[in-house]
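Number of protein chains: 2
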Amino acid sequence: MSESTERDARHKARMQRKKALIDEKIAQAQDEYGLLLVHSGNGKGKSSSAFGMVARALGHGLKVGVVQFIKGAASTGEETFFRRFPEEVSYHVMGEGFTWETQDRQRDIAKAQEAWAVARRLLNDESVGLVVLDELNIALKHGYLELDAVLADIEARPMLQHVVVTGRGALPGMIEAADTVTEMSLVKHAFKSGVKAQKGIEF
Amino acid sequence: MSESTERDARHKARMQRKKALIDEKIAQAQDEYGLLLVHSGNGKGKSSSAFGMVARALGHGLKVGVVQFIKGAASTGEETFFRRFPEEVSYHVMGEGFTWETQDRQRDIAKAQEAWAVARRLLNDESVGLVVLDELNIALKHGYLELDAVLADIEARPMLQHVVVTGRGALPGMIEAADTVTEMSLVKHAFKSGVKAQKGIEF
Numbered sequence: 001m002s003e004s005t006e007r008d009a010r011h012k013a014r015m016q017r018k019k020a021l022i023d024e025k026i027a028q029a030q031d032e033y034g035l036l037l038v039h040s041g042n043g044k045g046k047s048s049s050a051f052g053m054v055a056r057a058l059g060h061g062l063k064v065g066v067v068q069f070i071k072g073a074a075s076t077g078e079e080t081f082f083r084r085f086p087e088e089v090s091y092h093v094m095g096e097g098f099t100w101e102t103q104d105r106q107r108d109i110a111k112a113q114e115a116w117a118v119a120r121r122l123l124n125d126e127s128v129g130l131v132v133l134d135e136l137n138i139a140l141k142h143g144y145l146e147l148d149a150v151l152a153d154i155e156a157r158p159m160l161q162h163v164v165v166t167g168r169g170a171l172p173g174m175i176e177a178a179d180t181v182t183e184m185s186l187v188k189h190a191f192k193s194g195v196k197a198q199k200g201i202e203f
Numbered sequence: 001m002s003e004s005t006e007r008d009a010r011h012k013a014r015m016q017r018k019k020a021l022i023d024e025k026i027a028q029a030q031d032e033y034g035l036l037l038v039h040s041g042n043g044k045g046k047s048s049s050a051f052g053m054v055a056r057a058l059g060h061g062l063k064v065g066v067v068q069f070i071k072g073a074a075s076t077g078e079e080t081f082f083r084r085f086p087e088e089v090s091y092h093v094m095g096e097g098f099t100w101e102t103q104d105r106q107r108d109i110a111k112a113q114e115a116w117a118v119a120r121r122l123l124n125d126e127s128v129g130l131v132v133l134d135e136l137n138i139a140l141k142h143g144y145l146e147l148d149a150v151l152a153d154i155e156a157r158p159m160l161q162h163v164v165v166t167g168r169g170a171l172p173g174m175i176e177a178a179d180t181v182t183e184m185s186l187v188k189h190a191f192k193s194g195v196k197a198q199k200g201i202e203f
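Going down the list, the protein sequences come from chains A and B. Mapping to my numbering: the first sequence position 189 is 189, numbers consecutive. Mapping to my numbering: the second sequence position 121 is 121, numbers consecutive.
It cannot be assumed that every hint is accurate.
[To be verified] Derived contacts from chain A toward chain B, CB cut-off under 7 Å, selection only: (1) Gly-43; (2) Met-159; (3) Lys-188.
[Claimed, not checked] Under the rule of at most 30 Å between Cα atoms (straight-line distance), these lysine-lysine pairs were calculated in the DSBU-like manner: (4) A/Lys-188 <-> B/Lys-63; (5) B/Lys-12 <-> A/Lys-71; (6) B/Lys-71 <-> A/Lys-188; (7) B/Lys-188 <-> A/Lys-63; (8) A/Lys-188 <-> A/Lys-71.
Please keep in mind that the hints were generated in silico from the structure rather than gathered at the bench. Glycine included, each C-beta is placed from N, C-alpha and C at the ideal position.
Can you build the whole structure from these sequences, using the hints too?
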């Protein structure tokens, strides 16, 4: 056998084993209900990934609710874009600036609680298929909101509704409650080598 | 000082240090050019995060090109959604099924090369502000495309154009060439506890 034919044969055998494994996994999965997904870690992509899921959900005809717990944390680009579809996306930017910009803890707490009231309304709405709670982990980590109360509201949501929670430093209780947890880690960042934050990419 | 006032004061001091650090970082960043971002790792969110960046870029008025190197790897949801904006998004789904579905190496190579021809056209187009090369890492890892040729085309793109490359198993040369590399790691997955892939979330 030539080297190339041998490689093709090995490849085929490997792919057949992989296909069998994946088919089995899919067959085993049976229940259908709304998932709680958590995106945490120090890397990029926690919020972007949630907004990618918004696009996906819209493509599947679902209605979406977004609550940004920290204004300015996410790009204004997503907001500008998704506000084009007010019938499909209910978009709420709460809070004011990063906490290290405002430096007023009592005000941050009040803002976080206002934001949670909006989130709770979405979590009670059966017509909403996906709720994005952007940077909620930050509000929880700083103690602006109580984890138990937040989890109780999330648990009580409509059965088929999906929820995505983003923000670094997810609390252990949030990870415990989640169906899927993804950790975004920074391997390498242009910022560190002196490149300015880019419109359309970094903010 | 009461416990609460003390906590607020500590919080304020910490936030002031943090703000100083971040302001300094932003001041140091000077150059402005298109970035090469790589999303790799075994976790979820590699492609979703790229599609979130598409939404962000559209919100900033950029034009976007998307090439999916493996049909079926990403959700059909994003495709359905972003095809609503043919003036703004040039969307191409290449390849046919997962390699472990087709099990034909020569055909996969031919498909990957067709896909690269489309990618190269976008990488030559100054009017395109962001190019997403979804699952390109997979095509490279399997040797369907040559890394050196791919990197040469990426390097030769218009100066302000951003590129996002997704897929697990990014080759060392791709990581070396990138400005930002994010590793998505799986912490916990509903799939493992027997939950079916969900429309609007998992596919």
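Taking 30 Å as the top limit, are the C-alpha atoms of B/Lys-71 and A/Lys-188 close enough? Between B/Lys-71 and A/Lys-188 the Cα gap is close to 29 Å, so the pair holds against 30 Å.
Given the hint that B/Lys-188 pairs with A/Lys-63, does the C-alpha gap stay at or below 30 Å? Holds, at about 26 Å.
Starting from A/Lys-188, check that the Cα of A/Lys-71 is at most 30 Å away, please. holds (26 Å)
Hint check, A/Lys-188 versus chain B [nearest Cβ-Cβ separation less than 7 Å]: holds (4 Å)
Hey, does the A/Gly-43 contact hint survive, CB to chain B under 7 Å? Since chain B brings a Cβ to about 4 Å from A/Gly-43, closer than 7 Å, the hint holds.
Against the 30 Å threshold, does the CA-CA distance of A/Lys-188 and B/Lys-63 hold or violate the hint? holds (26 Å)
For a C-alpha distance cap of 30 Å, please report whether B/Lys-12 and A/Lys-71 respect it. holds (19 Å)
Please verify that hint: A/Met-159, Cβ, nearest Cβ of chain B, below 7 Å or not. violated (12 Å)
Violation of the numbered hints given earlier is confined to hint 2; every other hint is satisfied by the structure.
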